[in-house]
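Student: Residue strings, one per chain:
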Amino acid sequence: MTSKIVRTTAQFVTPAVLLYGLYLIIHGHVSSGGGFQGGAVFASSAALLVVAFGSERVSSLLQEHRLVAISCSGALMFIGLAFAGMGTTFFFNLFAGSPLFGNVPAYGPNPEDIWTGGTVPLMNIAVALNVVAGLSAIVLAMALATVKRGDDK
Amino acid sequence: MSLILQNMPFLAVAALICVSLYIMMTQRNLIKIVMGVTIFQSAVNLFLVALGYRSDGVAPVFTSGPVELMVLPVPQALTLTSIVIGVSTTALMLSLIILIYRHTGETDAEKSRRVKG
Amino acid sequence: MIRRVGISLTLIIIAVMFFASALLMHPFGAPPSIMDDYIIENSQQETGTNNVVSAVVFDYRGYDTLGEATVLFLAATAVIMLFRSRKGEVAEK
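Chains as they are written, first to last, in my numbering: chain A, 400 to 552; chain B, 410 to 526; chain C, 1182 to 1274.
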């Protein structure tokens, strides 16, 4: 447990960090960013909460079976998108040209359109789910394992 | 002399690798050995990014501005993979150190060699 | 004594090798770039994204990203597994 100033500041800062992480994930194919970068920023808010509030209070909110379910669904979605274009080749970009995420930008400077990219935005979301759940689980498990009890070893 | 000044990032990579090898070979505390491994991974990431730099280049993203000379995008993609693998390796090493400390009570690499039970 | 001589000899040889290789690299700022020129020219037409790094990570070299996602998933699972107590819940100490 830390002091009241740290806890209140963490409560104020966490929504801003989550929003920034979501922006990096969703706009990964238009400007800089992507699944891994946005997922790491998103998971750093979990580390902030563990430092500010203690690992036992956070572990009642981020339960282990929920994190494992999110991570597995992210990995399965990534593999499903990779196998979806199996008619031509592995990892074929099958949405380029179709109405869902299908516009093709002109070469060079162009007004940035978010409905471009084919399978790349969906893969960004899948990888971000995997990274968020994996990094949060690592931080939480290691913090729970080092809780100091009354009698030392 | 101008060769040394021009290739300064590669010399920095070589210096970081030598420092990390010295740490890994001579230190006895387990946490310091993990720090040496982390410095080695940072040196490799710096080498990958410095390989793909073009003079007066910008980031390889097409924006609404005019097209200029871009740096190479493939080494940056390989660095992304390398950073994530470094995080996974460091997390597993630190978890094993926690378990060694619980089992033997020592964090010295020479004193905790025997696995009891 | 012999251990210190061995360690310092190894470090000196490795340091000389690395510093000599760093001076023999291509000049910093002019890399050979045949494949990357092709990727910068044609990535907007073939993948449809403005971010060339994302196109390389997820489309041109998507197999490496598959391996990386597997490594991260495996590391998270292994850390959870290492800290379980006998009853099957995450241990506290």
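Hint data in this document are derived by calculation from the structure and do not stem from the laboratory. What you are looking at is a predicted structure, and each value in this text was computed from that prediction instead of being measured. Incorrect hints may appear among the rest.
Pairwise CB distance ranges, derived in the manner of DEER restraints [as the list claims (entries may be wrong)]:
{"hint": "1", "chain 1": "A", "residue 1": "Leu460", "chain 2": "B", "residue 2": "Met444", "range": "28 to 34 Å"}
{"hint": "2", "chain 1": "C", "residue 1": "Met1206", "chain 2": "A", "residue 2": "Tyr422", "range": "35 to 41 Å"}
{"hint": "3", "chain 1": "A", "residue 1": "Val546", "chain 2": "C", "residue 2": "Val1197", "range": "22 to 28 Å"}
{"hint": "4", "chain 1": "A", "residue 1": "Val416", "chain 2": "C", "residue 2": "Ala1259", "range": "41 to 47 Å"}
{"hint": "5", "chain 1": "A", "residue 1": "Thr545", "chain 2": "B", "residue 2": "Met434", "range": "25 to 31 Å"}
{"hint": "6", "chain 1": "B", "residue 1": "Ala518", "chain 2": "A", "residue 2": "Thr545", "range": "39 to 45 Å"}
{"hint": "7", "chain 1": "B", "residue 1": "Val476", "chain 2": "A", "residue 2": "Thr401", "range": "19 to 25 Å"}
{"hint": "8", "chain 1": "C", "residue 1": "Arg1242", "chain 2": "B", "residue 2": "Ala518", "range": "35 to 41 Å"}
{"hint": "9", "chain 1": "B", "residue 1": "Glu519", "chain 2": "A", "residue 2": "Arg456", "range": "25 to 31 Å"}
{"hint": "10", "chain 1": "C", "residue 1": "Asp1218", "chain 2": "B", "residue 2": "Pro475", "range": "39 to 45 Å"}
{"hint": "11", "chain 1": "A", "residue 1": "Val546", "chain 2": "B", "residue 2": "Ala518", "range": "22 to 28 Å"}
{"hint": "12", "chain 1": "B", "residue 1": "Ile413", "chain 2": "A", "residue 2": "Thr401", "range": "17 to 23 Å"}
{"hint": "13", "chain 1": "C", "residue 1": "Val1186", "chain 2": "B", "residue 2": "Ile413", "range": "26 to 32 Å"}
Cβ coordinates follow ideal geometry from the N, Cα and C atoms, glycine included.
Student: Hints numbered earlier in the text: which of these fail when held up against the supplied structure?
Tutor: When the structure is compared with the hints, numbers 3, 4, 6, 7, 9, 10, 12 turn out to be violated.
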